[in-house]
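J.: Residue strings, one per chain:
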Amino acid sequence: MPAVQETVARVREIDVDQYKYGFVTNIESDRAEKGLSEDTVRFISAKKGEPEWMLEWRLDAYRRWRTMVEPDWARVDYPPIAYDELYYYSAPKSTAGPKTLDEVDPELLRTYEKLGIPLREQEILAGVEQRRVAVDAVFDSVSVATTFKKELAQAGVIFCPISEAIREHPELVKKYLGSVVPTSDNFFATLNSAVFSDGSFVYVPKGVRCPMELSTYFRINEQNTGQFERTLIIADEGSFVSYLEGCTAPMRDENQLHAAVVELVAHDDAEIKYSTVQNWYPGDAEGKGGIYNFVTKRGDCRGRNSKISWTQVETGSAITWKYPSCILRGDGSRGEFYSIAISNGRQQVDSGTKMIHLGKNTTSKIISKGISAGRSQNTYRGLVSAHRKATNARNFTNCDSLLIGDECGAHTVPYLEAKTSTAVFEHEATTSKISDDQKFYCLQRGLSEEEAVALIVNGFVKDVLQQLPMEFAVEAQKLISISLEGSVG
Amino acid sequence: MLSIKNLHASIEDKPILRGLDLEVKPGEVHAIMGPNGSGKSTLSYVLAGKDDYEVTEGSATLDGQDLFALAADERAAAGLFLAFQYPLEIPGVATMTFLKAAVNAQRRARGEGDLPTPQFMKLVREKADGLGISSDMLKRGLNVGFSGGEKKRNEILQMALLEPKLCVLDETDSGLDIDALKVVSEGVNALRAKDRAFVVITHYQRLLDHIAPDVVHVMAKGRIVRTGGPELAHELEARGYADYVGEAAA
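Sequences listed follow chains A and B, in order. So the first sequence is residues 369 to 857, counted in the working numbering. So the second sequence is residues 1005 to 1254, counted in the working numbering.
Honestly, the hints are just simulated from the structure, not real lab data. Do not rely on the hints blindly, as some may be mistaken.
Covered, in the sense of this in silico footprint (three residues per stretch, anywhere, with C-beta under 8 Å from a C-beta of chain A), are these stretches of chain B [unchecked claim]:
#1 1046-1057
#2 1071-1077
#3 1080-1090
#4 1109-1121
Cβ coordinates follow ideal geometry from the N, Cα and C atoms, glycine included.
Please work from the sequences and hints to get the whole structure.
T.: Right, dumping it as structure tokens:
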């Protein structure tokens, strides 16, 4: 019965093999008691050896969060999250201050190896190639290895875990933390402010072009642990930094809450390029067990002629709720958003951006490519607004959706608000389906159905892929093929 | 090489092919001519394995292999190539990327490894030059913004790279001016070989002035109604298809 065998093989493939990065590393954890209270916040703060002001900041956020209600306006549907059943802090145990990679838990290094991003190799590669990548590895909640620190220090760039920055650079943290995403911002951001575990801190001083791409690989590892990264990047006057964030997570059965906050600040003539490849576990074929990803990412173009660009490739998570935004405060500042959001199986994506034009002659560009397959729902939600003083604000939005199959959905929800008559906003949107004729053409040339779909999809997202740094683009391309497996046939 | 026996096929329950027989030997070029609606293009799609068509009766084998037991991509890997009447556009996918994907997919299906990139580039360059295909064209999205002639030349380039056993050309001459027709025909002629066969589907005699057929068939109402030598094409050009339409209907 070949047909039956095929079906069985396909089901097995979807359930077990499809999430190729699904594995759990065995490292003893040091974690907080289950549930969320002031004590949990104090525990986390104490674990981090934080100063009093930081604890107060967290507690303030916690108390505020207790009064807030979870938002429900997004086009996503999930059972209520039992916040008191979650663990809010976990750290790998044997990581007390590794000075070099040799001191890092070998189990951990193996995990990175499985992911194809061994730190060791990164170092070696960097010696060979012109292009250098510095990795601040976040394993679960604590940064366990930071490479290239010396070279960055020579350039005056600070790149470290945010927990370290709180201790070593309190003046910078105090000045900027919460200045873009205030503790009162939204339910998930406020939660993050109370319990954030770790994340990256970057400060690029005046006039410095960061000598390498900065990169953090996030990985959620502890079962039942919500992960709350906090990232803060500051580009001082005339500086430039490119930051890469990539994520994979092991397979599991229970939904995992993830609520990160990323804040970017660009001063006069500074530029920040922030790229993300997100590949968290999307759940099984029935949508069970995937990650809930509620992220607040916002960049503040604080200075004149500053520029912030977000590029994201979103393939994972059961639920994605994410709107990387730019506040175009400085005159002549520019915001960009390039996005590929792929949903398959039972995934739900509600993602987009906000471009808030406040300064004069500010410009923004949005290129969004949504791909829906399986029984997924993919929504683009975007806001472009121009303040009354934002004379000559310009925006160009291009929003394309591609449907694979008949059971998925694509939705586009653009909001445009112009309070000045000099603003010019352009919006283009298309929705298309991969045609059977296109697919047949590829098959006739010998490509399998999955190869055909991957090829057509890669063509569809090319404009955005081109925005990614080279090594990331290759990784992203592979990821796109993997995440669409099982979407045809 | 290609053996079709009593082939019946329909689309949405409408019978198009009604008992078609065809034998093509290695090295031969067969022309299939016929009026519009006689089922010529359907024959090419049925052989290549397009989903919309249902084979209701009969068989087709390629070197003894049952074509209908294979999926479309497996037929391609088995050596069946269809030059499309209307080649599809795939935006954002560079022609070069597509060519490489196709060549390597077929190599893998045959248990060979991927062709190393430098070797592949050299091969493409060689074949493309002969067809007047510029490197600029190879960088553009597949068939996107290509003229009719460019699309057809691109089909022949793919044929040259994939080195199929059996080439089916579906109205390759449609939409071509005389210069493009020449280039395309020369490309096809260069591929003629004793172990390769061609089925050239065309409405007009003019393509056959450039690609000389060994056998000419007339198709009408889903069947081969007459078979002859090259002179048959000239006869058709002079007298039209009216006779055959009547004959098959009778």
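J.: Under 8 Å between beta-carbons, do enough residues of the region 1109-1121 of chain B, three at least, approach chain A for the coverage claim to hold?
T.: It holds: at least three residues are needed, and the region 1109-1121 of chain B offers 3 whose Cβ sits within less than 8 Å of chain A.
J.: Test coverage of the region 1046-1057 of chain B by chain A using CB-CB distances below 8 Å; three residues minimum.
T.: holds (count 5)
J.: Can the region 1080-1090 of chain B be counted as covered by chain A under the rule of three residues or more with Cβ-Cβ separation shorter than 8 Å?
T.: holds (count 5)
J.: Counting residues of the region 1071-1077 of chain B that have a beta-carbon nearer than 8 Å to any beta-carbon of chain A, does the count reach 3?
T.: With 3 residues closer than 8 Å to chain A, the region 1071-1077 of chain B meets the three-residue bar; holds.
Violated hints: none; the structure is consistent with every hint.
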